[in-house]
Structure formats: structure tokens, C-alpha cells
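Chains A and B are the protein sequences, given in the same order.
Mapping to numbering that gives the first Met the number 0: the first sequence position 167 is 166, numbers consecutive.
Mapping to numbering that gives the first Met the number 0: the second sequence position 127 is 126, numbers consecutive.
Just so you know, these hints were derived from the structure itself, not from any lab.
Heads up, a few of these hints could be off.
Stated by the list, open to error - Derived DSS-like pairs: lysine-lysine, alpha-carbon spacing no greater than 30 Å straight-line:
{"id": "1", "chain 1": "A", "residue 1": "70", "chain 2": "B", "residue 2": "95"}
{"id": "2", "chain 1": "A", "residue 1": "111", "chain 2": "A", "residue 2": "70"}
{"id": "3", "chain 1": "A", "residue 1": "39", "chain 2": "B", "residue 2": "95"}
{"id": "4", "chain 1": "B", "residue 1": "95", "chain 2": "B", "residue 2": "81"}
{"id": "5", "chain 1": "B", "residue 1": "95", "chain 2": "A", "residue 2": "385"}
{"id": "6", "chain 1": "A", "residue 1": "323", "chain 2": "A", "residue 2": "111"}
{"id": "7", "chain 1": "A", "residue 1": "217", "chain 2": "A", "residue 2": "244"}
{"id": "8", "chain 1": "A", "residue 1": "323", "chain 2": "A", "residue 2": "70"}
{"id": "9", "chain 1": "A", "residue 1": "400", "chain 2": "A", "residue 2": "323"}
Said to hold, decoys possible - Looking from chain B toward chain A, a few residues come up when the C-beta cut is under 7 Å (computed):
{"id": "10", "residue": "9"}
{"id": "11", "residue": "10"}
{"id": "12", "residue": "74"}
Claimed, not checked - Quick list of the computed label-pair ranges, beta carbon to beta carbon:
{"id": "13", "chain 1": "B", "residue 1": "92", "chain 2": "A", "residue 2": "258", "range": "18 to 26 Å"}
{"id": "14", "chain 1": "A", "residue 1": "365", "chain 2": "B", "residue 2": "39", "range": "16 to 24 Å"}
{"id": "15", "chain 1": "A", "residue 1": "241", "chain 2": "B", "residue 2": "78", "range": "44 to 52 Å"}
Note that this is a predicted model, so its numbers are computed, not measured.
Think of the CB as a built atom: it goes at the ideal place given N, C-alpha and C, for glycine as much as any other residue.
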Amino acid sequence: MIERRSVDALIVGGGPAGLAAAVGLWNNGIHDILIVEREKHLGGILRQCIHDGFGLTQFGMTLSGPEYARKYIDDVVRMGIPFITNTTVLSVSPSRIVTVASPDGMIRYEAKAVILTMGCRERTRGALAIPGERPTGVFTAGVAQAYINLYNRMPAREVIILGSGDIGMIMARRLTLEGAHVQAVFEVMPYPAGLPRNVEQCLNDYNIPLYLSHTATKIHGSDRLTGVTISEVDADLKPIPGTEKEYSCDTLILSVGLIPENELSLEAGVKLDPRTRGAYVDEHYMTNIDGIFAAGNVLHVHDLVDYVSLEAERLAAYAASYIKDGSLPPCPLPVACGENVGHVLPQRISGTSNVQISLRVRQPLQNCRIVVMQDDREVFTRRMRKAIPAEMIQLNIPASKLSSQGGLTVMAVCENE
Amino acid sequence: MTREFTCILCPNGCLIETEYDPAPASEGAPVIRSVSGNLCPRGAEYVRQELIDPRRTIATSILVIGGELPLASVRLTAPIPKNRIMDVMAEIRRYKVTAPVYAGTVVIHDIFGLGSDVIVTKTVEAIASSGKAE
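Turn these sequences into a full structure, and let the hints steer you where they fit.
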């Protein structure tokens with residue numbers, strides 16, 4: 000016999016997006032909330048991100064991940080927002096029935112709104128198909144981070160890092176501080192995947208070289224990793240024969256991308272955008288399924304947690320209206336990616352309200368303009384001295400600039416002068 | 000001389016082109032002729048600091064005795080000279096705390112007289128207690 004309960008808003012995941020959504024809903028008058036978290040503690044990935052640099056936008060100071068999470072957790076506790084931990088969401092149905100496995104058994108919640116805030120996962124060695132046996136010593140950056148920062152286990156002595164994502168660079172510094180020797184970071188693209196400040200403060204500060212246009216082409220060792228073969232790649236990212244160089248190491252850290260964790264969303268009938276690998280949403284962060292919303296890294300991978308929180312707060316205001324009124328204004332106008340834009344969000348808007356658009360450019364650009372067109376009319380433009388894929392760009396477009404007719408196209412136009 | 004700095008003060012990571020006269024061999028500070036490329040005034044201050052005395056903050060963990068978690072994360076409250084990072088790491092490693100330990104607690108006051116405290120950034124409850132968030 001499965002216990003049945005009802006709730007106004009059920010939030011799947013108690014990381015930064017889920018916490019900010021909960022606090023936002025509460026502040027918008029929705030108090031019948033439940034946060035469901037699979038780990039023992041709230042806070043999500045921030046619990047292992049002990050480095051500082053979080054909170055500049057939200058709190059005007061630089062905090063560690065646990066401190067940033069704590070600010071929201073303190074609000075949740077003070078407001079008395081219900082949460083259950085050690086609890087896994089087993090399924091979300093299109094009619095918003097959420098089945099969970101909690102320490103008290105299975106519970107089925109009927110929710111007026113479901114907020115998807117499951118975050119993302121790391122791409123693994125499997126996704127790269129690097130030849131070789133399967134020795135221990137090959138870790139994703141986040142797994143190494145959990146070993147060191149949560150479990151007090153040091154997984155490495157001689158380290159090679161593949162991929163220049165922010166977590167990989169942060170782990171290069173962290174491993175160095177803990178006494179490991181990080182030989183180098185190799186990045187397949189001709190530019191760094193992470194933010195310039197992390198290249199500076201995590202690699203340059205510790206004399207860790209970053210080699211662009213390089214990738215791992217063989218993994219050596221059978222029990223423990225003994226080395227990695229690195230090759231240069233050509234313009235098509237294909238390894239160039241004859242450039243192989245073997246590095247002897249006991250650990251290979253992978254920082255090769257993050258993928259929104261959307262297994263539950265798919266089961267609920269939520270359609271995903273192949274560019275973001277997160278849901279297609281309208282300007283209210285509602286997916287194609289009525290009453291199911293998404294924000295944070297499950298929707299699109301963010302560069303900064305502050306922006307995750309802000310996005311979830313915006314979602315909360317809309318979800319609160321939805322819960323009170325049973326509907327939200329229609330959003331029939333599509334938003335498309337134009338020249339040089341890798342992805343854009345939301346994918347549908349009303350054309351009658353202010354809207355915030357998030358995007359990433361496809362490759363580093365200099366002296367460009369971010370332009371938003373509605374049909375043939377320019378509704379927004381921003382000049383940028385540089386735009387890089389590592390950075391999420393956000394635009395606020397006032398309703399006064401928009402028409403209720405015609406789709407938008409977002410592009411980055413370079414000025415060659 | 001000219002040199003490019005990547006500002007680390009915020010995620011913008013401004014690339015700041017700087018023209019300066021190096022300090023004379025004896026002593027004194029370099030004279031900055033121009034800075035450009037910074038989106039805010041803090042960028043110019045960052046460059047000045049980098050030229051005379053580059054400083055960084057660090058974050059690490061300390062062992063917790065009797066805690067529900069083996070480690071409590073810690074960080075510095077103010078940046079320290081870059082060349083003292085490894086000394087400071089070694090000093091922090093000598094410390095242990097007994098649970099419960101609360102975020103904000105000062106573990107080492109004014110480490111090596113550098114004007115920076117080491118503070119706990121994650122609350123760790125004693126092993127028996129439970130039911131609290133985090």
C-alpha cells in the first residue's frame with residue numbers, strides 16, 4: 000500500500016536551484032512545498048565545492064560553496080519549508096504524480112506544480128571512448144573532488160588532467176595544495192573550456208601548463224593507471240598521427256563536460272533541446288508538460304551558481320502564479336539560435352512580458368554584437384569586446400521592445416573592421 | 000614594460016593590458032603608466048597589487064574528530080602573499096577540531112601574522128546528533 004499525499008509544489012533536488020526555488024515560492028505566498036533530496040544533506044554539489052568565489056552577484060561577497068548553500072538552507076529552516084533527505088524520486092508522471100522512496104517507505108505525491116532541479120552529471124571516460132584497459136586512477140573531476148573534500152581520501156600522486164572545464168582546473172589547484180603533482184592540463188579545443196580567472200588562479204599560479212588542441216589517445220595500465228598517451232589534434236579535432244607523447248602518471252582527471260540529468264524529465268514526457276540537453280521551456284520556465292517547471296543545471300549548464308539561484312527565483316515567481324491561478328499566459332513565439340549562438344533559453348516567449356534570455360556563443364569572439372531580432376526588426380543589441388563559450392550571456396529584453404507576433408532569433412555578429 | 004593580467008576578482012576575468020616602469024633594482028614600487036581593458040576600477044587595483052605583492056586566498060579542509068563527516072571545509076578570510084600558500088597549507092594541516100563545529104568559527108587567528116584568519120565554512124554535527132539540515 001503506497002501512501003498518498005498532496006502538495007502545492009514538489010521540488011526534485013535540494014541543490015542551489017531547488018533551494019532558491021523553495022525560498023522563492025515561499026516568498027511568493029506558496030507555503031505547501033516539499034523539497035525531495037536524495038543525499039543525506041541539502042546543498043547539492045556546493046557541499047564539495049569548498050573553494051571560494053561564490054556569491055558575488057547574490058550576496059556581494061565571495062563565499063565557499065558550503066557557505067553559499069548554508070545561506071539558502073538557513074532560509075529554508077527559518078521559514079519552516081518541509082524537506083526530506085535520503086529520498087529518491089522514482090518517477091514523475093505527466094499528470095504530476097511523483098513517486099518517492101523515502102526512509103519511511105514509498106510515498107506518492109500529487110503536486111500542483113513539479114519543479115525539476117536535479118542538476119547535472121559529468122561526462123565520463125565512456126563518452127570519450129579512449130582506447131586502453133580499465134585501470135583504476137581514471138576519475139572525473141567531481142569524483143576526485145568528492146574523495147578529497149568530503150571523504151578525506153587522496154586519490155592521486157602524479158596527475159594528468161584532460162579537459163579544461165572549471166572543475167578540472169579547480170581540482171588541478173586542489174590536488175597541488177594537497178601535495179599531488181599535476182603535470183599538465185590538455186584541452187581538445189583551441190581555447191579553454193572554463194573561465195579565464197580559473198586559468199589564471201588555478202593553473203598559472205601553480206605553474207601548471209595548459210596545452211590546447213590536445214587529447215588523450217591511449218590509457219596505459221591494467222590494475223592502476225601507469226600513463227596516458229596524448230596527441231595533438233587538427234582543426235577537425237582528429238588526433239594527428241606522429242604527435243603522440245606518453246606521460247607517466249597514476250591518475251587521469253577528466254573535466255570534459257557536464258550533462259543535465261534528465262532521466263526523470265524524459266519519463267514525465269518532457270521534451271529536451273538537443274543543444275542544451277535540458278528541457279524546452281517557455282519564459283516561465285515551464286516545460287512542454289503543463290505544471291512541470293525546470294531551472295538550474297538540469298535546464299542548461301550554468302557558469303555561476305549565482306545565476307542558478309536567480310533563475311530558480313524567477314521560476315518560483317511564475318510557478319507561484321501557476322499554482323494560484325491554474326495557468327500562465329501563453330508563450331507561442333519561438334526563440335531560435337542564429338549565427339554563432341550555441342544555445343538559447345527560453346525557447347518560447349509570450350512577446351507581452353519582460354523576458355530574460357540566456358545564451359552561449361559557439362566559439363570565442365572579439366568585438367561582436369549580441370543581437371536579438373523579432374522577424375526583421377532588431378529588438379536588442381549589446382556590444383561585447385569579447386564573448387567566450389565558457390561564459391553564459393544574459394540579456395533582459397523589456398516588453399516594450401517586443402511584439403506579440405513573430406519569433407525571435409538571437410545571434411552574435413562580428414564586426415570585421 | 001607591458002604585461003597582460005587576467006583579473007581574478009570576479010568571473011568577468013578581464014584581460015588588463017598594463018604599461019609600467021619596473022621598480023629600480025634597489026627598492027620601491029613599479030610605476031604604472033596605464034591600464035586598459037578592465038571593466039571596473041577594482042581591475043586597476045588588482046594590477047597594482049599583482050605588481051607589488053600578489054596575494055591569494057586558499058580553501059582546504061581540516062580533520063574533525065567525532066563528526067558526522069570526516070572533514071570540515073575551511074578558508075582564509077583575507078588573501079595572503081602567494082609565496083606563503085604552501086606554508087599556510089602545512090600549518091592548517093596540523094589542526095584538528097572536535098565536533099560539533101560550526102561555520103564561521105575561527106580555527107587559526109591571524110595565521111603567521113599575515114592578517115588572515117582560517118575559518119570553518121561547513122557545519123559538522125557530532126556523530127550522535129542528527130536531523131539538522133547540512
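Now the hints, each set against the structure:
Only pairs whose Cα atoms come within 30 Å are accepted, and residue 70 of chain A paired with residue 95 of chain B is accepted, the gap being roughly 25 Å. Of the supplied pair hints, the one linking residue 111 of chain A and residue 70 of chain A holds, its CA atoms being roughly 27 Å apart against a limit of 30 Å. Between the alpha carbons of residue 39 of chain A and residue 95 of chain B the distance comes to roughly 24 Å, so the proposed pair stays at or under 30 Å and holds. Between residue 95 of chain B and residue 81 of chain B the CA atoms are separated by roughly 24 Å; this keeps the pair inside 30 Å, and the hint holds.
For the hint pairing residue 95 of chain B with residue 385 of chain A, the CA-to-CA distance comes to about 46 Å; that exceeds 30 Å, so the pair is violated. For the hint linking residue 323 of chain A to residue 111 of chain A, the alpha-carbon distance of about 9 Å falls within 30 Å, and the restraint holds. With a CA separation close to 10 Å, the supplied pair residue 217 of chain A and residue 244 of chain A stays within the 30 Å bound. Distance check on the hinted pair: residue 323 of chain A and residue 70 of chain A sit about 27 Å apart at the alpha-carbon level, within 30 Å; holds.
Restraint check: the Cα-Cα separation between residue 400 of chain A and residue 323 of chain A comes to about 29 Å, which is no more than 30 Å; the hinted pair holds. Hint status for residue 9 of chain B: holds, given a least beta-carbon distance of 6 Å to chain A, under 7 Å. A distance limit of 7 Å between C-beta atoms decides the matter here; for residue 10 of chain B the minimum to chain A is near 6 Å, and the interface restraint holds. The beta carbon of residue 74 of chain B is positioned within 7 Å of a beta carbon in chain A (closest approach about 5 Å), and the interface hint is therefore held.
About 35 Å separates the C-beta atoms of residue 92 of chain B and residue 258 of chain A, a value inconsistent with the hinted range of 18 to 26 Å. Restraint check, residue 365 of chain A to residue 39 of chain B: a C-beta distance of roughly 20 Å satisfies the suggested window 16 to 24 Å. Evaluation of the 44 to 52 Å hint for residue 241 of chain A and residue 78 of chain B yields a pass: the beta carbon distance comes to about 45 Å.
The earlier numbered hints that this structure contradicts are 5 and 13.
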